[in-house]
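Colleague: Protein sequence lines correspond, in order, to chains V and G. According to the numbering used here, the first sequence holds residues 1 to 353 in order. According to the numbering used here, the second sequence holds residues 1001 to 1299 in order.
Rather than coming from a laboratory, the hints here were simulated on the basis of the structure. Among the clues, some could well be false.
Said to hold, decoys possible - Calculated cross-link-like contacts (lysine to aspartate or glutamate; reagent style EDC-like; alpha-carbon spacing at most 20 Å):
#1 K245/V - E1103/G
#2 K245/V - E1095/G
#3 K1180/G - E1161/G
#4 K1116/G - E1103/G
#5 K316/V - E102/V
#6 K1185/G - E1164/G
Residues per chain are reported as follows:
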Amino acid sequence: MSQPEGTLPTAAAELRTGLLPAWAPYVAVGASAVCVAAMLLAAGAFSVALLLVATAGLSCVALYLWSRSVEGSRRATDRAVTLMIVSAFGLALAPLLSLLFEVTKRGLPGLSLEFLTESARGVVGGGGAAHAIVGTVVITGVAAVISVPIGLMAAIYLTEYGGGRLRRALTFFVDVMTGIPSIVAGLFAYALFALIFGPGIRLGVMGSVALSVLMIPIVIRSSEEVLKIVPNHLREAAYALGTPKWRTIVSVVLPTAFAGLVTGVMIAIARIIGETAPLLVTTGVVDSINSNPFEGRMQNLAVYAYSEYRTPGVMKQASYDRAWAAALTLIAIVMILNVVARFVYRRYRTEIR
Amino acid sequence: MPGAADATRAEADVEAGGPRRDATPALQVAGEPAGSADAPGARTLATRELNLYYGDFHAVQDVTITIAPNKVTALIGASGCGKTTFLRSLNRMHELTAGARVEGEITLDGQDIYAKGIDPVQVRRLVGMVFQAPNPFPTMSVYDNVAAGLNLNGSRVKKSEKDEIVERSLRRAHLWNEVKDRLDKHGSGLSGGQQQRLCIARAIAVEPEVLLMDEPCSALDPVATLAIEDLIRELKSRFTIAIVTHNMQQAARASDVTAFFNIEETGKPGRLVEVGSTETIFTSPSEQATEDYVSGRFG
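Whole structure, please, built from the sequences with the hints as guidance.
Modeller: Written out as structure tokens, the structure reads:
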């Protein structure tokens, strides 16, 4: 880059800058991690969380300074911000990974054939969670049966019809409902059924009603977004053929939006499947399998995990194991639903031009 | 090419947006008895002092025109002068836009289509439309797309009859040979020109009386455009056709009657300046604005 004295800088000279090697960010992070670990150990305050956070911060600074000296301040800022974003993502992911690890580690011992197939009926110190699994599936299923038609029809109203005041009121109330604490939803369901059937009533369907209060706003929101994405020219094509509006919605709009609607429902189910508080006050705690939502108490995985922990029974460790296993089963169910949702989405999604 | 007989018809048609005309069927086309369509099903669409609004905005002003049966009427004019708005009012699609308003009269064979008690869905079954960008239904196969008009209208048609109608429509749209082996595949795998022909097949499968086409070739390549223009020429023996086009050469090639819309300045409503036989409009128009437009001095 040397130039004869008194001449203007060449284009090459103006354009060229130094460049850090490709492995530079990794070295920066690694070196920072080592330094931080050493400092924490020396101070006797080592913990994984502190290590992660401090490494993230230190490596951003280190990389910025290093890059700035070689590449210039613009590239340095670019690298530092990229590293900050990646670190933020990593930090957000860390608790999730840690959680999955812990639940799997502690839940696997409790997972057994007995756990999956037997209920706790009449058993002391043993038994399984079959009744809880059945209960979760039934309660969530009934909640979905209640919420999906209501939520979908409300979303169709908001997108396709929807005039003035009623639409604004509906949107407002949906927003409010998304913030309802789950225990309040449970109390509402309990109060409703107590009014009709008298106090002390416990039914599986009460839990479903409570859960659907939580589920409906999520279904409405996501369905509305998906229906809005269906392009208007498809509706117009149907109208131009002389198709009545309701038929257009049923035969053109909904099939086009189908994949997105299914995904929205799956998200809503994942949200409510682990709710404990409303089910505690509505469905109660019971030891035997009950698959009839309209008759008697019903156990479910969330409440089961809670009660196994709270009242462990004779063999404490076995109860705790079962509680962890119940949590692991819940996570597994949600994962299966997610996989199914992805599969449905890929299979049925329509390329919309 | 329009001959001498058309000249008399054209003179009867010419209206400079001025004096009112009775829209009764007997007077619509002087010198030609009403209902003399070459094939059954083609009807006359006429408007009288039609004004179209979007809320307070006056989009189209005082259009009085007759769209004659078994003819292709081309609506030409610069962008933004209300041609598409006008076209959409003919099958009651204009009112689907929030705040849109129609004043004036549109009659189909003498029947006011905006009269109380007239069902817009029924009007749209009689007056079909093909849009600018091809819009086949993405979730349906080619077969179902063409049959969509029949399926979605709730008409009970036997499968064998439906097969026949689908094949006939696809043949008319010159698409049959290309898709006959893939009738159950999705419509989105076709090229742009094929998709537009599919939309045309879909529109004619329900046998409307009038076919409105909004710049049907603007998204297509020249080869596909030619195929569709040929198709339009064939279709006019069965239907009444009105086509909006930006392409003057296309209007000259494919139409029998041409109507020229213009707008004085942005913000003012579009007006029908002149209407007449295509030959007259392009060689010896009466209005200066028309002459300027067709000779390319503006637009």
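Colleague: Please list, smallest to largest, the hint numbers that this structure does not respect.
Modeller: As far as the earlier hints go, only 1 is violated by this structure.
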